[in-house]
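Asker: Chains as they are written, first to last, in my numbering: chain W, 1 to 302; chain H, 303 to 662; chain U, 663 to 903.
Calculated from the structure, these hints are not laboratory results. Possibly wrong hints are sitting among the right ones.
Here are some of the chain W residues that sit facing chain H, going by a computed Cβ distance under 7 Å [stated by the list, open to error]:
| id | residue |
| --- | --- |
| 1 | Val88 |
| 2 | Ile234 |
| 3 | Phe278 |
| 4 | Pro289 |
Here are the computed distance ranges between Cβ atoms for each label pair [stated by the list, open to error]:
| id | chain 1 | residue 1 | chain 2 | residue 2 | range |
| --- | --- | --- | --- | --- | --- |
| 5 | H | Gly520 | W | Asn96 | 20 to 26 Å |
| 6 | W | Ser168 | U | Gly874 | 46 to 52 Å |
| 7 | H | Leu327 | W | Asn96 | 25 to 31 Å |
| 8 | H | Glu592 | U | Asp727 | 52 to 58 Å |
| 9 | W | Val68 | U | Asp783 | 50 to 56 Å |
| 10 | U | Gln847 | W | Asn96 | 41 to 47 Å |
| 11 | W | Asn96 | H | Arg525 | 23 to 29 Å |
| 12 | U | Gly676 | W | Thr83 | 30 to 36 Å |
| 13 | H | His310 | W | Gly182 | 35 to 41 Å |
| 14 | U | Ser672 | H | Ser609 | 54 to 60 Å |
Where is the CB? At the ideal position from N, CA and C, for every residue including glycine.
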Amino acid sequence: MSLQLIFDALALGGIYAVAALGIAMIFGVMKLVNFAHGQFIAFAVFALIVPSTDATAVMGLGRAPALVLVPAILLVGASLAVTSEFVVFRPLRNANPVALMVASFALGVVIQSGLMAAYGGRPKSVSLWPELGSPVSVLGAQVPLLQIIVIGAVLIVLAALALLLKKSRIGLEMRAAAEDFGMARLLGVPANAVIACAFAVSGALAAAVALVLVAQTGVADVRMGGQIMLVAFIATVVGGMGSLPGAVAAGFAIGAASVLLQAALPFEARPFRDAFLFGLVILVLLVRPQGLFASAAAKPRV
Amino acid sequence: MSATMTDHRARRIAARTTPVLLCLLLLFFVLVATGLSDRATGRMAAETLIRVTLVVGFWIFAGNSGVISFGHAAFACVGAYVSAWLTLNPQMKSLLLTGLPDWLAQADWPVLLAALAAGVVAALLACVTGAAILRLSGIAASIATFAFLAMINTIWANWTPVTGGTSSVVGLARYTNSWVALGWACGAILAAAVYGASASGLALRATRDDEVAASASGIDRYRHRLLAFTISAFFCGIGGALLGHFIGVLNPDTFYLSLTFLMLAMLVVGGIGSLSGAVVGVLVVSLAVEALVRLEKGFTIGSAQFSLPAGSQEILIGIAMIVVLVFRPAGLMAGRELALPARWIRRVAKGGASLRPDKY
Amino acid sequence: MSKLGVFDLSVRYGKLVALNELSFQVAEGERVFISGPNGAGKSSLLGAISGAVRAAHGRIEMDGDILSGRAPEAIARRGLSMVPEGRRIFRALTVQENLMVGTGLRRDRNAVPNDLAAIYDAFPILSERRHANAGALSGGQQQMLAIGRALMTNPKLMLVDEPSLGLAPKVVDEVYERLAQLQAQRGLTLVIVEQSSTRAARVGGRMILMRGGRIVADGDAGAFAAEDLLTEAYFGQESAA
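Okay, chain W solo, but in the shape it has when bound (with noise of 0.2 Å):
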C-alpha cells in the first residue's frame, strides 16, 4: 500500500518539479514571474483537440502517433512561449520586475479568454493514450504503466536539462546571464538569443506537464494550468527565487507533501487538503523568508 504511496508522490512530485522548472527557469534570467506559464499549460493541452465548442472532444493533433506527438506538443509550447516574449515581455524589457509580472498576468487573461472562445468553457473529455493507464506489477504494487513513465519522462527532463546548462555554450551564457544580465552582455553574451532560449524551454516544460496532465486525467479544462501552476509559483518562492534545484527539491516536496496529506487527512477534511497544502507554505516561509535555496543573486546588501 505505502509503495503505492511512493509512486504517486514521485508522480506528484515530478510533474510539480517540471512546472516549477518552467517558472524558475525564466524568473532566472529575467526576474520575471511568468503568470501566464498555467495558460501556457492548457494552451498546450487544447493544442491536442480541434477547436470547438463540444463537450466531447475531437483528437486533432492528438491523434498523431507518439513519437510525432511529443515533439509536435513541445514545439507548440516553446513557440508560444517565445511568442509571447517577442511580442509582449521584450517591449517590457527594462521594466521594473512587478510591471513585468503584472503583464504576465494580464497575458495569461487573454490567452485563456482566447481557448474559451475557442473551445468553451465547459470541461471536455480527452482520451489520450488510455492503454497506459492499465496496472502493471512492481515490487508488489499494482502501479497504472502511466506513472511509471510519468516517472521516467521526469527524470529524463530533469537529466536533459542539467546537460543542457552545464556542457552546452547556451548553457553557460543562460547560468552566467542569471547571475547577472548586464554583466553578461558586457562579454558578448547574447541577450535576445538567451532570453529567447530560456523561453523555448520554459514552453516546452509546459508542453510536457500538459501531456502529463491529460494523459492522467481524461480532461481538458480551460483552467486546468491554473491549479498546477499555483503550486509551481510557490514551490519557486519556498526553493529560493531564482535558484532551479531548489525549484525542483521543492516541487518534489510539495508533490510528497500532498499525496501523503491526502492519505493522512481524515475523509471530511480532504477537499481542504490544498487549503492545507498553503497554510504549511505560508508556515514555511515565517521560518525560512529566503526560501531553501537562495540564490547568488541575492538581494543588495545595506
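With chain W fixed as given, assemble chains H and U onto it according to the hints.
Answerer: Chains H and U in isolation, oriented as in the chain W frame:
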C-alpha cells in the same frame, strides 16, 4: 510685509484638496448616471462606486508599498460573507447554513453595523496573514498573497455547512445603491488620503522607491506594510459586503480571479502611483467594460447586426493592460494626484490677505 | 586613426549631468588612466563606452567603427572588453566557466584553448583553482579572474574600472604588474579608472583628470604628481594664476 503663503504651504494645502476633488468627481458621476434615469445605468454607477471602495482599499496597500497583492479579493470574499451571516434571515440560515454557530445563526444586525463588522473581520484576517507574508521580498510576497487567495477560495468552496460551498447564498438585502456606495467610496478615499499623508504612509512609500536607502534610514518596512495591509483589507472587506448586497447572491467565485484581474487592470490603467490614479482607473475601466458589455449584446450599423464574441471583454482589457504597461507604465495619471494647482491657493491666500489690515 | 575616439559625449541620469560633452582620443597600445574625485563621472564614462549606459549626446568610435548606440554585446563583439567596478564575477560558476563565458563571441574558436592556457600561465592561482566556485576566491584572485575573463574575449581595447578597490596594496601591485605584462604581450590598448593618482603615476602612462563630468587635465601621469593640478582637480581650488 504681510504674510505671504510659502510655496511649500500652498502645496500642502493643494495636496489636501485631492480627496475632496475625487469625491466631487464621484458625486458628479452619480448625479449624471442617476439623472439619466436608466435603470441599467443606475446599477452600473452603483457597481462602479463599489469598485472604487475595493480598488482604493487595494491601493492603500499596493500603491504605497509597491507590492502587488493578489489576495485582496479574498478579503472582499470574507467581508461579503460576514455581512451575509450577520444580516440574513435567521430562519434561512438555520436551514441552509447548518454549520453556523447558534449566536451567528440567530444574528440579525442592521446593515451598517454588519458592513463595519465585515471590514473589521477582514482586517483581523489581514493582520494574521500579513504577519506571515509581509516579511518576504516584494515578488515573493505577491506570490504568497496569490496562495492566500487560492486558500480562501478552496476553504470557501468546500466548507459548505458554513459558507454554502459552491452553491449560491441567496437572500441578501439589496440595500446597496449609488448613494450608499458613494458614501463608502468617499470614506475609503478619505482614509486613503489620511494614511498616505501619515508618517507610516510616507515611510512605506520610501521603501517602495528605494529599499536600500529606506532600510538604511531605519524604517521598519515590515510594520508599515502590516499597517497598510490591515487598513487596506478593512475597506476591501466593506467593499465585498457592498458587492454582496448589491448582487443579492453570494458565490465564492465572485471574489476570485475575475475580480482580482479587474482590480489589477483598474490600478494599472489609472496608475498605481497615486490615489487619483486608482479612482480614475476605476472610472475609465468601468465605462469601458460597460461599453464592451453593450457591444457584446449587439449593435446595429446601418441595417447590419454586429456583436462582439463573448469573452472579448477580458481579452480586450488584458490587451489594454499590456499596452498601458508598455507605452505608459505609470498609467493615465502617471503617479500624479488630482488637486487644485498650488498657485490658485496662493492667489486666494494673497487675495484674502489684502483684505486684512497689514500687521507687522 | 585613433583606437578609441570619444566626441562630445554627454551622459545624464534624469536631470543629473554625469558627463558633459567630453572629448578625447586614445592611440593604439596606449595606457590611459582616468582619475579624479568621486562623482567626476569616471564610471559613467566607461559605462557609456562599453554600452552599459546610454549616452544622451555624442559619439564613440573604435577604429573608426561607431560604438555609441549599440548593445553591450555588439560592442564586445567588436573587440572591446570591460572589467567592471566590483569585479562582478559569476560566483555560482567555476573559475574555468567564468573564463569561458566570453568566448562565445569569438570567431577564432580554435585559438580558445591556447588562450586559456596563456591566461593560466599569467595567473597561476587561477590554474590551481580552475574547478573551484568563483565565489570562493579572495578579492585579489577575483580581480585576476575578472581580468582574465575579459581577456578571453580577445579584445583590442580593454576598460578596467577601479582595479585596486578593496585590495591590499601588495595585491594591487601584483595586479598592475600582470596587466602591464599582458598589455605588452598582446599589444592591448588599456583605459583604466584609478582612484589613486599616485599609483597611476607609479605604474606610468597617460592620465586624464576629470572633475564634474569634464576633463580638466590630460598629460603624463608622472608629471601630474608634482603639480597643483591634482589638488585643483580634487578640491576645486583654482591654482594661483
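Asker: Against this structure, judge whether each hint is valid.
Answerer: Checked hints:
no.: 1; hint: Val88; result: holds (6 Å)
no.: 2; hint: Ile234; result: holds (5 Å)
no.: 3; hint: Phe278; result: holds (4 Å)
no.: 4; hint: Pro289; result: holds (5 Å)
no.: 5; hint: Gly520(H) to Asn96(W): 20 to 26 Å; result: holds (25 Å)
no.: 6; hint: Ser168(W) to Gly874(U): 46 to 52 Å; result: holds (48 Å)
no.: 7; hint: Leu327(H) to Asn96(W): 25 to 31 Å; result: holds (29 Å)
no.: 8; hint: Glu592(H) to Asp727(U): 52 to 58 Å; result: holds (57 Å)
no.: 9; hint: Val68(W) to Asp783(U): 50 to 56 Å; result: holds (52 Å)
no.: 10; hint: Gln847(U) to Asn96(W): 41 to 47 Å; result: holds (44 Å)
no.: 11; hint: Asn96(W) to Arg525(H): 23 to 29 Å; result: holds (24 Å)
no.: 12; hint: Gly676(U) to Thr83(W): 30 to 36 Å; result: holds (35 Å)
no.: 13; hint: His310(H) to Gly182(W): 35 to 41 Å; result: holds (40 Å)
no.: 14; hint: Ser672(U) to Ser609(H): 54 to 60 Å; result: holds (55 Å)
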